[in-house]
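> Chain residues, written in single-letter form:
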Amino acid sequence: MTVSAGRKTIYSYDYRRSPDQEARDIVRRPAVVVGAGPVGLAAAIDLGLRGVPVVLIDDADRIGEGSRGICWAKRTLEICDRLGVGEQLVAQGVTWKLGKVFHGDDLVFSFDLLPEEGHKMPAFINLQQFYLEKALVGRADELDAVDLRWKNRLIGLEQHNDHVRLTIDTPDGPYKLDADWLIAADGARSNTRDMLGLTFSGVTFEDRFLIADIRMAADFPTERRFWFDPPFHTGQSALMHRQPGNIWRIDLQLGPNADVAEEQKPERVTARLKRMLGDRPFELEWISIYRFNCRRLDRFVHGRVIFIGDAAHQVSPFGARGANSGIQDAENLAWKLAAVIKGEADAGLLATYEAERIQAADENIAHSTRSTDFIAPHSAAEHSLRNAVLALAPKAEFARRMINSGRLSVATVYDTGLSTPDESPFAGSARLGAPLPDCPVRIPDGSAGYLLETLDDGFTLLTFKNGASSQSVPDGISRVSIGEDLADPDGVLTQRLDATPGAAYLLRPDQHLCARWRSLDRGKVAAARDRALGKV
Amino acid sequence: MPKLVTASQFANPDAAYVALVEARRGLDERAAAALDTRLTLILANHIGDIDVLKEAIALAKQS
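Just so you know, the sequences run in chain order A and B. The opening position of the first sequence corresponds to residue 1 in our numbering, with each subsequent residue numbered one higher. The opening position of the second sequence corresponds to residue 1 in our numbering, with each subsequent residue numbered one higher.
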């Protein structure tokens, strides 16, 4: 639902003819990904790193500008770090963790998204989506397993029993390609979704929002600032976020009756921003007007076609749950699909992609809907309730806790059959079904690092040393012994995992904790790993 | 010594807000005000403590 001027090209890439286009017989590939946005790129790179040859097609040959994702959450950055671009993104981005909420002129609520130290990745960075896409394209180009084809538009799709036959249009005309699995990462207006005739149901919010990126030299603090009913934009809300390079994202609520054509005129936008920014000089980089949707597909897996990211679900931007959840979809799917393609698991494992990521999508939609309900009440009666919460907030903590300007993206704790229930209680911040909390560690050469960056791409068993005994672990699981392979110099890891000597923690290939025990039993580890591969 | 609790007591404050907002969804202001009045009476009785009720009234009037 974007209304915007044409996008300026920021990076462009070359169409290259693939040998598949000349092949006498239709070529068959194990995995094809449609859509080289952040989500499709992450999926393709993850599959490639897991040894699955993957074709990634995109109908464009460029990355364009525009007001799209800017906030990248800690879990997304951890995934990007595993994919090989995390440090680059953090270096390019603006790191932040503080949020402030104002009502009128008054600060009514503030929050710190990462109150503890000892994580490699920050709570959030802000970085224009095109930089993230460029970094991922660069990474994909380094991998022989990823075959990225620009100007390849999916125009036809036939589902067969054990594959999908694709018709792909190119500047040299169309060609056919067979895929064992098709991953649809083609965004909110997914063409793949339309070709399968799938409904995409949910709520559209009536209010329109102006989103402007401006260039401005300003020394405002690096924090998310949100206003309800500010003096510069009476009766509506406003949001301000810093991006790298003196670019600021400003989001102004316009109400349900805004005149879209009128509100997009630069002079109109400039006047609105001047009321907010005073005489400080600025230039408009990008303007668009949005209405938000919260909706999802009923199912994410349709035969041999699997939907990820905005193609599967959409949320409002309050909470940064769109692109972040899409990249988390990609990570959830990649290891499972790789296991299926390599014959290590049955196709039934993919049903757990759907179950886990529908749980995440529903969580994201619920949060996003609540935030949007609070920010843009549907009626005068709802408005009065919202305003009552804001009015009570300075004097009553309970009201401050109800203020909702967006609950920011955190990783979902999967309530999943892939986890083996705990036999004994565990305290600490590690949760079964959640990504393992990162921790500072020391590697044997004496240098300092972080736990998650030391893990490899498969199943890992973290064990805590207990005397000299060292039971072997089942084949195909990497063992990391804390006390031997890695040291926990400050005891932070021990505390976050509530570890005792001899304790063992089994991690899925996506770094989620799927089983833990107070003592290591080889048979139980093997059973838990099989369970996490959907074999039980 | 105030008896009124203003610290957040809901495990999930957003869910409590949603319950209140959904109760008034589709109502005009007058109908919502009537709903609120009935809710006030129900919750006041549930609390059953005149000192708390008076403190709550004072807080609501100040805000």
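Hints in this document: simulated from the structure, not taken from any laboratory. C-beta: ideal position from N, C-alpha, C; glycine also. One thing to keep in mind: the hints can contain errors.
To be verified - Which bits of chain B does chain A cover? Going by a derived footprint, with three or more residues having C-beta under 8 Å, they are:
#, stretch
1, 15 to 23
2, 37 to 43
3, 52 to 63
Said to hold, decoys possible - Subject to a maximum C-alpha distance of 25 Å in a straight line, what follows is the list of computed DSS-like cross-link-like pairs (lysine-lysine):
#, chain 1, residue 1, chain 2, residue 2
4, A, Lys265, B, Lys3
5, A, Lys395, B, Lys61
6, A, Lys8, A, Lys151
To be verified - If you anchor each label on the Cβ, the simulated ranges turn out as follows:
#, chain 1, residue 1, chain 2, residue 2, range
7, A, Gly343, B, Leu39, 56 to 66 Å
8, A, Gly417, B, Leu39, 16 to 26 Å
9, A, Lys342, B, Val5, 50 to 60 Å
10, B, Ala16, A, Asp490, 36 to 46 Å
11, A, Lys465, B, Ile42, 37 to 47 Å
12, B, Leu39, A, Lys395, 55 to 65 Å
13, B, Leu39, A, Ser110, 51 to 61 Å
> Does the stretch 37 to 43 of chain B contain three or more residues whose Cβ lies closer than 8 Å to a Cβ of chain A?
violated (count 0)
> Starting from the hint 50 to 60 Å, judge whether the C-beta atoms of Lys342 of chain A and Val5 of chain B obey it.
Check passed, 57 Å falls within 50 to 60 Å.
> Are the Cα positions of Lys8 of chain A and Lys151 of chain A separated by 25 Å at most?
Holds: Lys8 of chain A and Lys151 of chain A sit about 17 Å apart, inside 25 Å.
> If you check the beta carbons of Gly343 of chain A and Leu39 of chain B, does the distance land in 56 to 66 Å?
holds, 60 Å
> At the C-beta level, are Gly417 of chain A and Leu39 of chain B separated by a distance inside 16 to 26 Å?
violated, 41 Å
> Does Lys3 of chain B lie within 25 Å of Lys265 of chain A when you go C-alpha to C-alpha?
Violated, at roughly 55 Å.
> Check, residue by residue, whether the stretch 15 to 23 of chain B contains three or more positions whose beta-carbon lies closer than 8 Å to a beta-carbon of chain A, and give the verdict.
Per the Cβ count (5), the hint holds.
> Quick one: are Lys465 of chain A and Ile42 of chain B within 37 to 47 Å, going by C-beta?
Once the Cβ atoms are compared, 59 Å apart, the range 37 to 47 Å for Ile42 of chain B and Lys465 of chain A is violated.
> That 51 to 61 Å hint for Leu39 of chain B and Ser110 of chain A (C-beta), does it hold up?
Once the Cβ atoms are compared, 30 Å apart, the range 51 to 61 Å for Ser110 of chain A and Leu39 of chain B is violated.
> Given the hint of 36 to 46 Å, check if Ala16 of chain B and Asp490 of chain A actually sit that far apart at their C-beta atoms.
Check passed, 39 Å falls within 36 to 46 Å.
> Falls inside 55 to 65 Å, the C-beta gap from Leu39 of chain B to Lys395 of chain A?
violated, 20 Å
> Count the residues of the stretch 52 to 63 of chain B whose CB lies closer than 8 Å to any CB of chain A, then report whether that count reaches three.
holds (count 4)
Hints 2, 4, 8, 11, 12, 13, counting from the list given before, are not met by this structure.
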